[in-house]
Amino acid sequence: MAAVLDVRDLIVSFPIEGRPVPVVNGVDFHVEEGEPVALVGESGCGKTMTGLALLRLVPPPGAITGGSIRFRGQEVLGMSEPDLCSHRGKSVAMIFQEPQSALNPVLTVGFQVAEAIRAHEKVSRRQALDRAAELFGRVALSDPQRRLADYPHQLSGGQRQRVMIAMALASGPSLLVADEPTTALDVTVQSQILDLLASLSESLGMALLLITHDLGVVAHFSRRIYVMYCGRIVESGPVAAVFRSPGHPYTRALLQSVPRLHDGDSRLRTIPGAVPPPQSLPAGCAFAPRCPLAEERCRQAVPELRPMANGRAVRCVLVGGGEP
Amino acid sequence: MSEPRPEGSNAPLVEVRRLVHRYPVGRGWLGGPRGYLNAVDDVSFRVWKGETLGLVGETGSGKTTLGRCLVRLLTPASGEILFEGEDLLALKGEALRRKRRDFQIIFQDPYGSLNPRMRVESIVTEPLAIHRMGDRRQRRLRATNLLEQVGMEASALPRFPHEFSGGQRQRIGIARALALNPKFVICDEPVSALDVSVQAQIINLLQDLQERLGLTYLFIAHGLQVVAHISTRVAVMFQGRIVEMGCREELFQRPLHPYTRSLLDAVLDPDPGVPRPAHQGPPAEPAAAPSPAPGCRFAPRCPIAEACCREEEPALRELAPGHTVACHLADRPSAGDSKAEA
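Sequence order for the protein chains is C and F.
To convert, note that position 57 of the first sequence is 56 in numbering that gives the first Met the number 0; the numbers rise steadily by one, no gaps.
To convert, note that position 141 of the second sequence is 140 in numbering that gives the first Met the number 0; the numbers rise steadily by one, no gaps.
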């Protein structure tokens with residue numbers, strides 16, 4: 000399959016104490032047509048900035064300072080403003096964690112979705128509203144016609160997220176970037192929204208980039224995984240293989256620190272310390288100070304992301320070639 | 000961790016009887032409320048010394064309101080809260096203040112619950128100052144000791160909250176809660192705002208402190224995995240009521256209430272090999288209506304609801320030793336076992 004998105008050596012920097020500090024530091028990844036992919040990491044690892052960079056929406060004073068983002072072969076970083084407008088929405092759409100803050104509280108949700116449709120297509124207000132109702136049906140909002148006239152505060156969190164998804168689908172994007180789409184929702188609603196995203200991705204052939212910290216979500220809703228730590232991808236590969244035998248010590252520690260339903264009284268494994276801030280990353284492997292296996296050579300140079308068998312890659316000098 | 004005490008073997012540390020807390024809803028004639036929403040609606044339970052009672056439920060189920068009633072941050076409309084046999088709701092002024100030393104609360108948001116203009120030392124020793132305990136030097140010693148207990152160094156004392164990460168701030172919040180040597184600590188979503196790797200550190204810390212200091216916890220969370228990990232017993236809340244309560248193993252292996260089952264089904268295990276159960280029933284959209292329809296509150300979302308569920312509200316009843324459930328259909332074999340085979 001062809002890659003719908005190909006990101007190479009992406010760098011996003013923010014000025015901290017007067018000098019640019021990379022928060023995304025040379026990230027490579029790709030998403031194939033229709034493929035559900037997960038970008039995983041803890042807060043501050045750069046996953047959200049990576050997602051925003053795909054739409055060139057990195058908030059100032061941050062900026063994309065290097066690399067390339069190719070969408071179906073076309074360079075996004077070189078796009079003119081009008082091209083960018085059609086890229087956003089028509090090629091790549093994005094939904095966010097807090098649907099309530101992404102919606103305008105004083106306009107009806109029908110108006111807001113219709114507005115998104117009219118931004119990309121020459122249709123009348125009436126037609127746009129009809130399309131909005133149709134989209135509401137597709138995201139399984141009950142009674143779509145009546146929902147059009149609702150204001151965001153009249154909807155529950157799950158319903159608001161469905162409205163956001165409807166808006167994202169308005170122009171038929173080839174890739175949907177979902178940044179923590181269910182973190183603010185209750186568990187029962189979470190699985191419904193994820194099921195909806197998965198079924199839409201399949202029926203529309205739309206690729207899905209799921210940005211999340213929740214390994215449970217990744218395990219069940221994506222085919223491939225990229226694990227980020229301190230602005231870099233530290234491991235990538237097919238979800239089943241990475242979860243079965245994580246290669247990078249960070250991935251392994253992360254998986255072991257999740258409480259499970261039936262793990263009884265066993266003590267949780269923890270990762271000592273905390274994620275270092277981007278302006279004071281250690282030399283060498285950024286995980287070394289917290290890593291139980293770290294050796295002297297880990298602290299000397301940043302390890303390469305080395306390809307392994309079966310489409311996997313690991314950024315760790317202690318992991319040999321072949322299957323980790 | 001300690002075993003749950005069999006009922007009657009000793010007196011409970013906390014006993015809640017028919018607790019009700021209501022919020023005014025809307026605004027009617029002359030600015031008075033148009034109605035009331037019973038956020039906690041006739042809730043009764045006991046907490047035994049040394050145990051952790053987990054409290055789970057979705058947003059709006061009343062679990063946070065219940066926790067705040069227990070520490071008297073909110074005054075319930077009716078009911079009793081017996082702490083070591085003494086009714087907290089009957090206490091006032093100085094008597095209440097003195098009793099308050101025994102129960103403390105840890106909040107969810109480690110960013111919002113610490114005063115940004117106070118140094119760590121003042122934050123941690125403020126409870127001592129309020130209760131006029133010790134002089135300045137003794138308090139400083141106590142602060143150092145408290146920080147040590149939560150795994151932090153004394154060098155943190157003169158610093159401000161913004162200098163710390165979320166996990167460190169939560170440790171400061173825990174130190175503050177421990178300052179007065181409480182017996183009962185309410186943990187209101189203490190790890191929900193933290194990253195996975197830090198979450199585990201805080202959970203382990205809470206367990207260590209419980210063992211070392213003989214604490215009793217009410218642990219409120221919406222994430223089932225965390226509650227399953229830390230709790231001795233678990234209570235499930237839905238729209239202001241406890242709908243099921245029992246030992247952790249019993250409740251998670253043999254859930255009796257359809258709502259508990261839907262919560263368990265929604266858990267995403269971080270193992271792609273564990274199959275997800277197929278979803279049943281209508282979408283879980285919370286009802287906004289302040290006055291629930293007659294009958295079981297879960298009936299509109301329940302996959303097995305029958306006519307009787309819409310007529311009469313089920314009461315909590317004990318179906319196995321220590322395992323209570325509020326569902327008309329819970330003891331029907333078809334209700335409990337159909338999911339296990341599916």
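Please note that the accuracy of each hint is not assured.
As the list claims (entries may be wrong) - If the Cβ cut is set under 10 Å, some of the chain F residues that face chain C in the computed set are:
| # | residue |
| --- | --- |
| 1 | A76 |
| 2 | S77 |
| 3 | G78 |
| 4 | G165 |
| 5 | G166 |
| 6 | N203 |
| 7 | D264 |
Claimed, not checked - What follows is a set of in silico ranges between Cβ atoms, one per label pair, in the way DEER data are often shown:
| # | chain 1 | residue 1 | chain 2 | residue 2 | range |
| --- | --- | --- | --- | --- | --- |
| 8 | F | L72 | C | G272 | 30 to 40 Å |
| 9 | F | S191 | C | T64 | 32 to 42 Å |
| 10 | F | N180 | C | D262 | 43 to 53 Å |
| 11 | F | R17 | C | D262 | 30 to 40 Å |
| 12 | F | P276 | C | N309 | 25 to 35 Å |
| 13 | C | D194 | F | L212 | 14 to 24 Å |
| 14 | F | L140 | C | G272 | 21 to 31 Å |
| 15 | C | N309 | F | Q252 | 51 to 61 Å |
| 16 | C | G17 | F | S191 | 34 to 44 Å |
| 17 | C | G319 | F | N180 | 33 to 43 Å |
| 18 | C | A282 | F | A319 | 37 to 47 Å |
| 19 | F | G25 | C | Q144 | 23 to 33 Å |
Please keep in mind that the hints were generated in silico from the structure rather than gathered at the bench.
Keep in mind the model is a prediction, meaning the values are calculated, not measured.
Virtual Cβ for every residue (Gly too), placed ideally from N, Cα, C.
Hints versus structure:
1. A76: violated, 26 Å
2. S77: violated, 28 Å
3. G78: violated, 26 Å
4. G165: holds, 8 Å
5. G166: holds, 6 Å
6. N203: For N203/F, the interface hint holds, since the closest Cβ of chain C sits about 6 Å away, which is under 10 Å.
7. D264: Status holds, d = 8 Å.
8. L72/F / G272/C: 30 to 40 Å: 34 Å Cβ-Cβ, so the 30 to 40 Å window holds.
9. S191/F / T64/C: 32 to 42 Å: At roughly 34 Å between Cβ atoms, T64/C and S191/F fall inside 32 to 42 Å, so the hint holds.
10. N180/F / D262/C: 43 to 53 Å: At roughly 31 Å between Cβ atoms, D262/C and N180/F fall outside 43 to 53 Å, so the hint is violated.
11. R17/F / D262/C: 30 to 40 Å: Roughly 36 Å apart at Cβ, these two residues keep to the hinted range, so it holds.
12. P276/F / N309/C: 25 to 35 Å: For P276/F and N309/C the Cβ distance comes to about 29 Å; the hint holds.
13. D194/C / L212/F: 14 to 24 Å: violated, 44 Å
14. L140/F / G272/C: 21 to 31 Å: Check passed, 27 Å falls within 21 to 31 Å.
15. N309/C / Q252/F: 51 to 61 Å: violated, 36 Å
16. G17/C / S191/F: 34 to 44 Å: holds, 36 Å
17. G319/C / N180/F: 33 to 43 Å: violated, 53 Å
18. A282/C / A319/F: 37 to 47 Å: Cβ of A282/C to Cβ of A319/F: about 59 Å, so the range 37 to 47 Å is violated.
19. G25/F / Q144/C: 23 to 33 Å: Given range 23 to 33 Å: holds, Cβ gap about 27 Å.
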